[in-house]
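Chemist: Chain residues, written in single-letter form:
Protein chains: 2
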Amino acid sequence: MSDSHVTLTLDEVYDLSCRVLEHNGMSNAHARAIANVITQGQRDECQSHGVYRLLICVHTLRNGKLDPKAEPTIKHVSSGIVAVDAHYANSLLSFETGLPLLVAKARENGIAAMAINNCFHFSALWPEVEAIASEGLVGIAMTPSHSWVAPAGGKKPVFGTNPIAFSWPRPNANPFVFDFATSAIARGDIELHARQNKPIPADWALNQSGNPTTDAQAALKGAMQTFGGHKGSALAAMIELLSGALIGDLTSAQSLAFDAGAGATPCHGELILAFDPKVFLGDAYATSLQQAEALFESITEQGARLPSQRRYDARERSVLHGVKVPKALFQDILQLLE
Amino acid sequence: MSDSHVTLTLDEVYDLSCRVLEHNGMSNAHARAIANVITQGQRDECQSHGVYRLLICVHTLRNGKLDPKAEPTIKHVSSGIVAVDAHYANSLLSFETGLPLLVAKARENGIAAMAINNCFHFSALWPEVEAIASEGLVGIAMTPSHSWVAPAGGKKPVFGTNPIAFSWPRPNANPFVFDFATSAIARGDIELHARQNKPIPADWALNQSGNPTTDAQAALKGAMQTFGGHKGSALAAMIELLSGALIGDLTSAQSLAFDAGAGATPCHGELILAFDPKVFLGDAYATSLQQAEALFESITEQGARLPSQRRYDARERSVLHGVKVPKALFQDILQLLE
Numbered sequence: 001m002s003d004s005h006v007t008l009t010l011d012e013v014y015d016l017s018c019r020v021l022e023h024n025g026m027s028n029a030h031a032r033a034i035a036n037v038i039t040q041g042q043r044d045e046c047q048s049h050g051v052y053r054l055l056i057c058v059h060t061l062r063n064g065k066l067d068p069k070a071e072p073t074i075k076h077v078s079s080g081i082v083a084v085d086a087h088y089a090n091s092l093l094s095f096e097t098g099l100p101l102l103v104a105k106a107r108e109n110g111i112a113a114m115a116i117n118n119c120f121h122f123s124a125l126w127p128e129v130e131a132i133a134s135e136g137l138v139g140i141a142m143t144p145s146h147s148w149v150a151p152a153g154g155k156k157p158v159f160g161t162n163p164i165a166f167s168w169p170r171p172n173a174n175p176f177v178f179d180f181a182t183s184a185i186a187r188g189d190i191e192l193h194a195r196q197n198k199p200i201p202a203d204w205a206l207n208q209s210g211n212p213t214t215d216a217q218a219a220l221k222g223a224m225q226t227f228g229g230h231k232g233s234a235l236a237a238m239i240e241l242l243s244g245a246l247i248g249d250l251t252s253a254q255s256l257a258f259d260a261g262a263g264a265t266p267c268h269g270e271l272i273l274a275f276d277p278k279v280f281l282g283d284a285y286a287t288s289l290q291q292a293e294a295l296f297e298s299i300t301e302q303g304a305r306l307p308s309q310r311r312y313d314a315r316e317r318s319v320l321h322g323v324k325v326p327k328a329l330f331q332d333i334l335q336l337l338e
Numbered sequence: 001m002s003d004s005h006v007t008l009t010l011d012e013v014y015d016l017s018c019r020v021l022e023h024n025g026m027s028n029a030h031a032r033a034i035a036n037v038i039t040q041g042q043r044d045e046c047q048s049h050g051v052y053r054l055l056i057c058v059h060t061l062r063n064g065k066l067d068p069k070a071e072p073t074i075k076h077v078s079s080g081i082v083a084v085d086a087h088y089a090n091s092l093l094s095f096e097t098g099l100p101l102l103v104a105k106a107r108e109n110g111i112a113a114m115a116i117n118n119c120f121h122f123s124a125l126w127p128e129v130e131a132i133a134s135e136g137l138v139g140i141a142m143t144p145s146h147s148w149v150a151p152a153g154g155k156k157p158v159f160g161t162n163p164i165a166f167s168w169p170r171p172n173a174n175p176f177v178f179d180f181a182t183s184a185i186a187r188g189d190i191e192l193h194a195r196q197n198k199p200i201p202a203d204w205a206l207n208q209s210g211n212p213t214t215d216a217q218a219a220l221k222g223a224m225q226t227f228g229g230h231k232g233s234a235l236a237a238m239i240e241l242l243s244g245a246l247i248g249d250l251t252s253a254q255s256l257a258f259d260a261g262a263g264a265t266p267c268h269g270e271l272i273l274a275f276d277p278k279v280f281l282g283d284a285y286a287t288s289l290q291q292a293e294a295l296f297e298s299i300t301e302q303g304a305r306l307p308s309q310r311r312y313d314a315r316e317r318s319v320l321h322g323v324k325v326p327k328a329l330f331q332d333i334l335q336l337l338e
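Residue numbers (our numbering), protein chains in the order written: chain A, 1 to 338; chain B, 1 to 338.
Since the hints were derived computationally from the structure, they do not count as laboratory data. In this text the structure is predicted, and so the values were computed from the model without any measurement. Do not rely on the hints blindly, as some may be mistaken.
When chains are identical, the list treats them as one kind, so a pair holds in a single copy or across two.
With a straight-line Cα cutoff of 16 angstroms, these simulated EDC-like cross-link-like pairs (lysine to aspartate or glutamate) come out [to be verified]:
| no. | residue 1 | residue 2 |
| --- | --- | --- |
| 1 | K156 | E297 |
| 2 | K221 | E191 |
| 3 | K65 | D259 |
| 4 | K69 | E22 |
| 5 | K155 | E297 |
| 6 | K156 | E301 |
| 7 | K324 | D3 |
| 8 | K155 | E301 |
| 9 | K75 | D85 |
| 10 | K198 | D215 |
Work out the full structure: start from the sequences and follow the hints.
Modeler: Given below as structure tokens:
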């Protein structure tokens with residue numbers, strides 16, 4: 001333990017997370033599903049998706065419309081689709097519950113979809129697509145969020161930060177995984193700049209008049225921008241449609257309205273796709289995985305990094321040495337046990 | 001007919017395209033499939049995807065490894081996947097041939113995939129996702145191309161311009177459609193700047209040393225960049241994996257090697273996904289389409305444009321008044337009939 005940090009093993013992170021969540025009213029099943037993902041976030045040094053999220057989870061528990069104990073129910077929509085109703089609990093237990101069915105359908109049909117409906121969502125998508133890759137499948141996941149982001153050419157918020165994640169299984173290696181927001185930056189980064197009174201880059205957000213701004217306060221009152229101009233904006237719209245309208249759940253604007261100022265994590269749906277390369281390719285499967293390895297090699301041999309490499313490096317460190325949590329944050333978390 | 005342009009009806013564009021292609025050795029079936037898409041491109045005033053493409057098609061016919069008469073063969077891979085082998089002919093007849101099967105599988109399973117293998121490809125993807133939307137389905141299409149684009153953080157070409165297209169069906173309106181390259185810009189735009197000795201924006205490409213360049217000639221010898229930094233680069237990799245390795249076809253680097261300097265259009269695979277909202281949603285389908293309309297309204301009511309709106313405006317004009325083709329281009333095309 002250093003002066004400014006507490007060092008915890010991954011088991012300690014998991015146990016602490018479970019205790020905090022159960023103490024605040026989560027069922028054991030929900031607490032375990034959430035603690036699992038928070039431990040993964042802390043392990044991979046995604047600080048905003050580690051134990052810090054316990055504060056946000058408990059805030060949502062205390063202030064939102066979240067049901068901390070609802071058990072997910074399953075509907076086999078078709079041979080290619082499973083839908084999981086979270087009944088206004090957190091998304092993660094629904095994902096865990098539906099995953100074996102998604103995997104079975106993908107292995108049968110080659111391609112399958114899982115819709116999670118009516119779920120509160122706070123977590124990164126990479127743990128979910130990694131779980132799909134660990135089954136030897138290719139995964140895609142996406143969700144809306146709260147409408148903070150303007151469409152290209154516009155000035156009023158319509159889209160959420162709308163993340164999309166992808167995974168490709170690799171033999172004897174961590175999967176190829178990316179997970180990014182279609183907003184130019186995370187909303188938390190703008191909030192951080194606002195708290196510190198620091199200017200933001202001009203392509204992050206617009207002020208209320210619809211002009212690019214470097215003033216973080218003005219940005220929070222205005223609208224965030226998507227990454228990549230009209231192309232990022234098009235992707236953000238696609239994510240609203242696929243993980244909102246297509247699965248009969250809320251768009252980011254509807255989700256923000258549902259929150260009604262509570263400041264809870266967004267409640268909406270999630271769409272997850274799985275592809276089984278063995279069904280697509282039959283015997284050619286192994287050759288094709290090697291072809292993908294050659295692609296990765298052509299990226300890394302020139303000194304470019306694969307997405308998620310930084311996380312995987314952190315993971316190795318954390319498994320060996322545990323994780324460091326700022327002492328102030330640790331104290332804030334312990335207070336949630338009082 | 002003006003001095004500098006020839007005005008043609010859409011039927012005339014289609015007939016001219018068929019004649020040029022058949023005269024140069026295409027089977028009638030391939031000529032009709034290609035002429036159909038070239039007519040759509042000219043109609044929507046996508047100049048580089050209109051009759052101009054006849055020059056490129058004939059160049060590929062005369063210089064590449066394309067089979068101008070091969071008939072596509074179908075393989076029902078699974079209840080969710082159809083694979084069409086183009087046998088080194090152009091992609092479009094394969095798409096037409098496989099589409100009814102993709103639609104049937106999507107209506108049965110809710111989600112389905114079509115892989116087209118061993119196809120030469122020159123066309124935009126929006127006509128294909130529009131065809132899917134006209135069946136009331138949601139469509140996604142993607143292909144690799146030739147490896148001209150560096151990964152984020154690298155300097156050597158790995159990815160193609162790797163386009164992705166998406167469609168959402170709208171009641172009584174043109175579908176919501178986008179179709180964009182994951183490169184910062186089309187390669188043709190850099191070539192145009194090089195011919196005109198004009199500088200290019202610094203985020204389009206790198207020179208051979210791996211530094212951003214405004215010199216179009218240096219860019220063509222170096223590497224193009226993706227749009228949207230590391231996020232666009234991640235998407236470009238996903239497209240290599242899904243429409244290359246997953247379907248047992250070439251990556252952009254392998255496709256460029258296969259071309260062996262012929263300068264033909266790329267030969268590789270294509271992945272097309274279709275989702276049936278009626279299977280996902282049952283009776284809630286109509287409500288969900290209205291929810292999507294509200295999303296579109298929230299974009300357009302603030303003066304932002306939906307993707308493809310410019311094309312749809314052009315389409316209206318062209319259906320009424322025909323299309324204008326530059327006289328010099330028209331003469332070049334007529335020479336292909338000699």
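Chemist: Against each hint, give a clear statement of whether it holds in the structure.
Modeler: Cross-check of the supplied hints:
1. K156 to E297: between (42 angstroms within a copy, 12 angstroms between copies)
2. K221 to E191: within (11 angstroms within a copy, 43 angstroms between copies)
3. K65 to D259: within (8 angstroms within a copy, 59 angstroms between copies)
4. K69 to E22: Intra 10 angstroms, inter 67 angstroms, cutoff 16 angstroms: intra-copy only.
5. K155 to E297: between (42 angstroms within a copy, 14 angstroms between copies)
6. K156 to E301: The answer is between: 10 angstroms across copies meets 16 angstroms, while 43 angstroms in one copy does not.
7. K324 to D3: The answer is within: 11 angstroms in one copy meets 16 angstroms, while 75 angstroms across copies does not.
8. K155 to E301: Result: close only across copies, 11 angstroms inter versus 42 angstroms intra.
9. K75 to D85: within (8 angstroms within a copy, 36 angstroms between copies)
10. K198 to D215: Only inside one copy: K198 and D215 sit 8 angstroms apart there, 36 angstroms across copies, limit 16 angstroms.
Violated hints: none; the structure is consistent with every hint.
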